[in-house]
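Number of protein chains: 2
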Amino acid sequence: MVNQKKYLVSPNIQNNTLTQKIEGKDQDNKKINTRVIQENSLTIFLNNQEIVTLMCILDHPKYLAIGYLLNQNMIKKNEKIKKIDYDDELKVIVIRTNIKTNYEKILKKKITTSGCAQGTIFGNIYEEIKRIKLKSKIYIKHEWIYDISKKVNLTPSLYLEAGAVHGCVISKKNNPIIYMEDVGRHNAVDKIAGYMFLNKINTKDKIFYTTGRLTSEMIIKTVKMNIPILISRSGFTSWGVELAKKTNLTLVGRAKGKKYVILSGHHRVKF
Amino acid sequence: MVNQKKYLVSPNIQNNTLTQKIEGKDQDNKKINTRVIQENSLTIFLNNQEIVTLMCILDHPKYLAIGYLLNQNMIKKNEKIKKIDYDDELKVIVIRTNIKTNYEKILKKKITTSGCAQGTIFGNIYEEIKRIKLKSKIYIKHEWIYDISKKVNLTPSLYLEAGAVHGCVISKKNNPIIYMEDVGRHNAVDKIAGYMFLNKINTKDKIFYTTGRLTSEMIIKTVKMNIPILISRSGFTSWGVELAKKTNLTLVGRAKGKKYVILSGHHRVKF
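Chains A and B, in that order, are what the protein sequence lines are.
Quick note: the first sequence, position 206, residue 218 per this note's numbering, numbers continuous.
Quick note: the second sequence, position 207, residue 219 per this note's numbering, numbers continuous.
In isolation and in its complexed conformation, chain A is listed as follows (with noise of 0.2 angstroms):
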């Protein structure tokens, strides 16, 4: 197991409500206990707007609330968080900015645009993204590849503990600083978004290593993260690899065991 001192932040498996003792059966009619991952809902407030209600895992409200709202363009990155309120037992998080905001417009967009495939996201969005081209000049190792993702597999984790989440990474080089966990995908991406845009760390010279699949939206909150580098263990869509080459970022994709396939900005791999 990899020591967890060695991150920031790391799924907490001493956490009991984040998952759920549960009697069933096994494939020998034998009686079993066995955990399970507790989904909740979450509803986000925008000063006085609610927003949205997510289905997630409850270990890191705050960070989630902060991060769905930046990578849905709804906080800007200079923005300044007011008051941040979490009520856990109504599960409403209200978030408070000095500006004042009014959402109606965007959230009608998203009645059309939403798709099942990509999580939700507002409108206007991919028109931003397409004019942003990464520039950071780091690199990956060949090696840091397989090292990453051999070090996120053995961080004691929820989807260890309990199976059916999906983690997303922060590494620096070849160490994972930052590790999240959710029943959602994006979710997992902003609880990263948010955590890194309060404690203030630098996007530009980090790798982020995903178990979620290579897909625009995915794509489109690397970039909007500003993170030069994407690897998952999971496959590609054209969609992501269109986005990714226009963008300048590294997507590396079905990196399992010692292989992996790069199907945009190879450059920053270094063999």
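Mixed in with the good hints there might be a few duds.
Identical chains blur together in the list; that is why a pair holds if it fits in one copy or across any two.
[Stated by the list, open to error] Here are the simulated DSSO-like pairs of lysine-lysine, each with C-alpha atoms no more than 27 angstroms apart in a straight line: (1) K43 <-> K185; (2) K162 <-> K268; (3) K153 <-> K95; (4) K92 <-> K145; (5) K163 <-> K268; (6) K162 <-> K271; (7) K42 <-> K17; (8) K103 <-> K153; (9) K271 <-> K212; (10) K103 <-> K282; (11) K37 <-> K92; (12) K88 <-> K282; (13) K258 <-> K94; (14) K271 <-> K94; (15) K33 <-> K282; (16) K147 <-> K42.
Derived by calculation from the structure, the hints in this document are not laboratory data.
Go by the hints and put chain B onto chain A.
Below, chain B without anything else, positioned relative to chain A:
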């Protein structure tokens, strides 16, 4: 490989528009050509109302649209479909029914209830589902669980060609007969629902196999289709298990190799 002729419908790997060839590099810095899955948007109209735009694989737009509307309670089971028009340039599909529809209210509710983890689902469906008790007396033999998984894995599929998709399968006893895939697992379920509805296939004596996780939304859709047994090679979430117990659905998860776990309705599994 499993003979595809045994299926009523199964993945069409000959259709070149469903994947895209992309040049990249592998772990040995060698140029490679690989296939990735081709996402598309599909905009669904019900009569004269725009309902949603889904990111999906466009192999069965008709089944996807009908299944989506059924699972969102926008078409009732006894409703007559008057006409289906699909424009494959605009990627728009229009479903026409005899009943005048107005879903502005339901569409509005969606804004605050959709969760990334669970795809999108419109209001009030939870309430309806909780009152259902599946009464089907069919059973599944212990060894079929392994048998179905194996047959699905050995069927030619977009997953084997390009990865990054989920599969959903309907099986009669241990014989898979309908196999749908999509970038979104909920789209794959909706394609199945649409196919079974339009082809008037009995659901009560079928077994549903999915590669996706057993979240509450997956349970809801299975129960809505009136299918009594649901198997997944992935894990469970707490709400999924709770809802399966309430509705008397047989829930088998973590089906890998010869292992599996039953967390609800084990009276339908014959040892």
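Copy assignment of K162 with K271, given that the CA separation must stay at most 27 angstroms | Answer is both: 12 angstroms inside a copy and 25 angstroms across each meet the 27 angstroms cutoff.
Status of K95 relative to K153 across identical chains (alpha carbons, at most 27 angstroms) | Intra 41 angstroms, inter 57 angstroms, cutoff 27 angstroms: neither.
Status of K282 relative to K103 across identical chains (alpha carbons, at most 27 angstroms) | Neither way: K103 and K282 sit 46 angstroms apart in one copy and 41 angstroms across, limit 27 angstroms.
Using 27 angstroms as the alpha-carbon threshold, which applies to K88 and K282: within, between, both, or neither?
-> Intra 34 angstroms, inter 57 angstroms, cutoff 27 angstroms: neither.
Have a look at K42 and K17 and pick one of within, between, both or neither, based on CA distance no larger than 27 angstroms.
-> Neither: 38 angstroms inside a chain and 38 angstroms across chains, both beyond 27 angstroms.
Can you give me the call for K147 and K42, within, between, both or neither, at a CA distance of at most 27 angstroms?
-> between (57 angstroms within a copy, 25 angstroms between copies)
27 angstroms Cα threshold - placement of K145 relative to K92 = This pair counts as within: shortest intra-copy Cα distance 26 angstroms, inter-copy 51 angstroms.
Intra- versus inter-subunit Cα pairing at 27 angstroms for K33 with K282 | between (45 angstroms within a copy, 25 angstroms between copies)
Under a CA distance limit of 27 angstroms, which applies to K103 and K153: within one copy, between copies, both, or neither?
-> neither (43 angstroms within a copy, 42 angstroms between copies)
With identical chains treated as interchangeable, where does the CA-CA distance between K271 and K212 reach 27 angstroms or less: within a copy, between copies, both, or neither?
-> neither (34 angstroms within a copy, 45 angstroms between copies)
How would you label the pair K37, K92 (within, between, both, or neither) given a Cα cut-off of 27 angstroms?
-> Close neither inside one copy (51 angstroms) nor across copies (43 angstroms); limit 27 angstroms.
How would you classify K258 and K94 at a CA-CA limit of 27 angstroms: within, between, both, or neither?
-> Answer is neither; intra-copy 36 angstroms and inter-copy 43 angstroms both fail.
In this structure, the earlier hints numbered 3, 7, 8, 9, 10, 11, 12, 13 and 14 are contradicted, and the remaining ones agree with it.
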